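Take 0 as the starting number for the sequence shown in numbering that gives the first Met the number 0 and just add one per residue.
One or more hints might be untrue.
Stated by the list, open to error - Below, computed lysine to any residue pairings styled on SDA-like, alpha-carbon distance capped at 25 Å:
#1 K383 <-> D101
#2 K80 <-> Q139
#3 K240 <-> K80
#4 K570 <-> D351
#5 K383 <-> L459
#6 K299 <-> D248
#7 K80 <-> A138
#8 K445 <-> D456
#9 K144 <-> K80
#10 K570 <-> W486
#11 K143 <-> H444
Claimed, not checked - Pair by pair, the computed Cβ-Cβ distance ranges are:
#12 G266 <-> R556: 46 to 56 Å
#13 G297 <-> F388: 33 to 43 Å
#14 A528 <-> P465: 37 to 47 Å
#15 G367 <-> A39: 17 to 27 Å
#16 T36 <-> R614: 37 to 47 Å
#17 R347 <-> R500: 34 to 44 Å
#18 A196 <-> F388: 37 to 47 Å
It should be emphasised that the hints constitute simulated quantities derived from the structure, not laboratory data. All figures in this text were calculated on a predicted structure; none of them were measured in a lab. Just so you know, even glycine gets a beta-carbon here, dropped at the ideal spot from N, CA and C.
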Amino acid sequence: MRTWTALLLSVLAASGLRAAPAADPQSYAEPERVRVTRLALDLEVDFARRELAGQAELTLDWRDPAARELVLDTRDLRIEKVEALAVGGAPRAVPFRLDARDPVLGSALHIDTGGPAAAVRIRYRTAPEASGLQWLTPAQTAGKKHPFLFSQSQAIHARSWVPLQDTPAVRFPYVATVRVPKALRAVMSADNDARHALDGTFRFRMEQPIPSYLLALAVGDIAVRATGPRSAVYAEPPLLKRAAREFADTEAMIAAAETLYGPYRWGRYDVLVLPPSFPYGGMENPRLTFATPTVIVGDKSLISLVAHELAHSWSGNLVTNASWKDIWLNEGFTSYVESRLVEAVFGRELADMEAVIGQEGLQRELAGMPQDAQRLALDPLVGKDPDDFSSDVAYVKGAWFLTFLEQRFGRADFDAFLRGYFDHYAFQSIDTDTFAAYTRRELLHKHPGKVSEAEFDTWLHAPGIPPFATPATSSRFAAVDVARVDWLAGRRSAGSLAAARWGTQEWVHFLEGLPPTLDAAPLAALDQASHFTGTPNAEIAQRWYPLTVRSGYTRARPALRTFLTGIGRMKLILPSWEALAATPEGLAWAREVFAAARTGYHPITVAAVQAKLDRSATAQ
């Protein structure tokens, strides 16, 4: 059997055809038998009960004539009733059962339709602790007057608020009706009407097929300001003006992306700035990116986040990884496109600095990472939570690989290849083998002698960074490196560093190049000159506070507490939690602070911090 399968795959690869990706181990669904082709939601948002209640109607394509059952993914949903719908017939109640809850995958929902049905309608309620939803009290918002709700479906959290085939291999358009308290606005990863009256009922339509992890909902006191003819910022009123100013170049980035990679296919590109508890920098929900407020620093130095999420409109949203082991197809491509957009709009220097920071961070991460996790082409994540496998390998190594291909083939040929790739697989979900077959056919074989098969396979299948890879460089960072050496040697004062008027990237590079610990005197001098303790720039804070913890610089503790309780973006806060948990004294203080912080964290963030503290406690 294996021999014939291998032979078939080789024939398909040689011909340029695509075999269906293997089953997704993070989903109970059986889309090869029955596939969801459309979703219709009708939901009521209840802040008092912290639940969504209503129904999901799933249109079905029965691909296996022998199939009698539909299997869906759920997590902590209360299923109240299931009906089967026939074309032109009345709904009829059908039996269903929920399997026992798996701690990672949730519970499979088995629906016995008795044979092919045009659709099923499921009445259900979410749990207050749904992993894909965060409910915020008015006190946890910027305006302090109204509650706020937002979803985070990636990777496998959509099943906690909608019963569906929760795998990126399945794509579907959707419509939704969402009922909310009057005076609040509901928005989704769909068409949003900025002029919609706040009358309590919102209707949405997403015509393009999307995977489940891009299903998104937010409800709150949300205002809107245009940033271009097809872009706007949504945010709480106190943040709106600053956010619109920070994201004023969004339209220029859309135009740059279209010039490189073809037309923007999602109609509008709006950005919703969420409360600071959002666990990520951004989430590329189509038509409405969710973004952290931590990128609003006043100088557009962190605008690469918007470039990244916009880039997902081609890589990820348009061409999607078929399962989470192939996440680099989303994030590596996106990180590469992000760099090109930053270069096109803000200049090569900024793009180079961002690339150096990313590659140096990857090298540090690789030092403590298992060999198998260092490959782009991962083994299936059987029995594993994909949230635990997010690393710089997918983002930075993936982008580095594509930069290598660009360098070898030249920009003109590589840009043409990438544009063709996005066009060829538009609105499809693919795996690494599919990418490899297409790239060999359309790039390596059409331009022979520039990249060998061995080099290509090394990037995909070998751990670490290939020895023939060319690291990114930055002339501005070269000056920072000299200044750091001089300061550490006592030949330069902290005041002269502050006077250099470095931007965010230069300070990040400076801090990342320091020793793990510093004596109190130089640390205090640096702090006095540059005011890092209490800085509103979270990227700098991410590097500064762990250094203060490791160095015993307790003067920073009050500001560190404010930092850890004020934002929930995991990339920014986890290094400080890890540094604190490294010693018994730090761990005790961390547990005290976490008790206060966790009520304002997203469930994903709570789980990540708790895991770090528990591991450290066990080790000690």
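* What are the numbers of the hints that this structure violates, sorted from low to high? -> Hints 2, 3, 7, 9, 10, 11, 15 and 17 contradicted; others consistent.
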